[in-house]
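Next come the chains, spelled out residue by residue.
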Amino acid sequence: MLFEGLWFRYSRRAPWALRGAEATAAPGDTIVVLGPNGAGKSTLLQLAAGVLRPTRGRIRDRPSVVGWVPERFPAAQPFTALGYLHAMSAVRGLPARAADPWIERLGLAAHADTPLADLSKGTAQKVGLAQALLTPPGLLVLDEPWEGLDAASRTLIPEIVTEVTDAGGVVLVSDHRGEIANLPGARHWTLAAGELRTTTTQAKPETDELIVEVAVRRHEAAAAVVQLRAAGHRVLGVRENGLSVREKHTTVEEDR
Amino acid sequence: MIALAWMRVAGFVRSGRCLAPLVAVLVVLSILYGGGPSRAAAAYGYSAAALFAVLAWITKLVLDTEPDVQRRLARLAVGPAREAAAGLLAAGLLGAGVCALAMLAPWAFGGISGPAIGVGILLGVLAHLLALAGALALGALAGRAVTRRVMPGVAVLVSGGVLAVVLGLSDSIAPWLVPPVMATARALSEDAAPAAGDLLWLVIRTLLWCAAALGIYARLRRARA
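One line per chain: the protein sequences are A and B, in this order.
Sequential numbering from 1 applies to the first sequence in full-length UniProt numbering.
Sequential numbering from 1 applies to the second sequence in full-length UniProt numbering.
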């Protein structure tokens, strides 16, 4: 994906929200967009997703399937969580049951019959996440995805990000909570007053770190991740037992 | 696109936003047919003209029901052209339901009498379809996706509804600026059925007006995405 000289403002008299952004994202990239409030992170993400059109410049080679998790899920709709996801499955040209694996994985089954307007912020955020993943996205855009999620659910985001990038997709994620440590190998784009700075190399691990692989029981995985983080360790990912170690892990070890 | 249209119809009906225009439709039909029976073609012609503004209002309500962020999610799912078309299809389905109600209502009121009822019904279907087409285009131009804010949308809707009547009068200086709902009503109120050429001209005028209005709608939607 090529971002070529993107300029954007919300109206003719409005100030520029983005000024001449130039960047490149390759398949398999995880890109964390950083910046203070009002810096233009959401604007850049919406331009990347294609829900906003740049005032000047263009984005080339955007993947055909885009999943977008907005910062605030639009919960003011007269559907239940299940009804909404089934309807969005149909809109994507999928059978209604296509949403079921995500409902299960994201822990939405208990809230399936709850009206969207009655969901908690975190649960509504999970519905937003589920709709973005109904069709495996070539570009996944996550706008503050950790917002409102509990500790156990927050571990899902790195898992999903890794799955998308391992399949050759690009992930753009904004973050102001410092959760980026959970996205190993992520590149950083920093926005300040509408101007974009990109880093050309992936974030390196701490020089005095070792990689320790730990096997835990499936039902204890979430709690183990939380405990490891609470003890100050970086959790690089969670994978099925018996699968080969992910390329990114190998890369991290080689970098050492 | 069909699934998105049905999702929007469901959202509109379940949200309760359909109640106010439904009451307006019933009021219009009650006024039209409360005064006694008339010929089918004339009754349906004025019914279509009277319902034009209500059909445009319904279109705007349907297009404005879902939150802006949900509209963007839908655009990502099906593409911008299909997303815009799905909104018009949803409004068209609901508008067609209103037109069907308007076609059936006079029989409950005893509002139809006289000769040539079959021809009158066919002309009535045509008049309602022409009104619906124009109303879809006007309602789309008044939608929040185009006007961005509430007041400009209301202004477009009210202005369009009033101008359709004022500029549709027989001595209008610019009848081509509005869809010919009044001209259609006048043509159907004559004692003799309108000539095929006159009907064809009304259809062409309606289609040209809708093409122009929907072209502006598509351009504004693209520019204001």
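Simulated from the structure, these hints should not be mistaken for laboratory data.
Beta carbons are placed, not taken as given, at the ideal position from N, Cα and C, and that holds for glycine.
Among the clues, some could well be false.
Unchecked claim - If you anchor each label on the Cβ, the simulated ranges turn out as follows:
1) A/14 x B/37: 51 to 61 Å
2) A/2 x B/212: 44 to 54 Å
3) B/79 x A/152: 31 to 41 Å
4) A/168 x B/16: 37 to 47 Å
5) A/2 x B/150: 47 to 57 Å
6) B/14 x A/152: 29 to 39 Å
7) A/195 x B/2: 36 to 46 Å
Checked hints:
Taking 51 to 61 Å as the suggested C-beta distance range, the pair residue 14 of chain A and residue 37 of chain B conforms, at roughly 58 Å. Between residue 2 of chain A and residue 212 of chain B the beta carbons are some 37 Å apart, a value that contradicts the proposed interval 44 to 54 Å. Range check, residue 79 of chain B to residue 152 of chain A: Cβ separation about 36 Å, and the 31 to 41 Å hint holds. The hinted window of 37 to 47 Å between residue 168 of chain A and residue 16 of chain B holds, with their beta carbons roughly 45 Å apart.
A C-beta distance of roughly 38 Å is found between residue 2 of chain A and residue 150 of chain B, which places it outside the suggested range of 47 to 57 Å. Against the hinted window of 29 to 39 Å, the Cβ-Cβ separation of residue 14 of chain B and residue 152 of chain A comes to about 33 Å, which satisfies the hint. The hinted range of 36 to 46 Å is satisfied by residue 195 of chain A and residue 2 of chain B, whose Cβ atoms lie roughly 44 Å apart.
Checked against the numbered hints given earlier, this structure breaks hints 2, 5; the rest are met.
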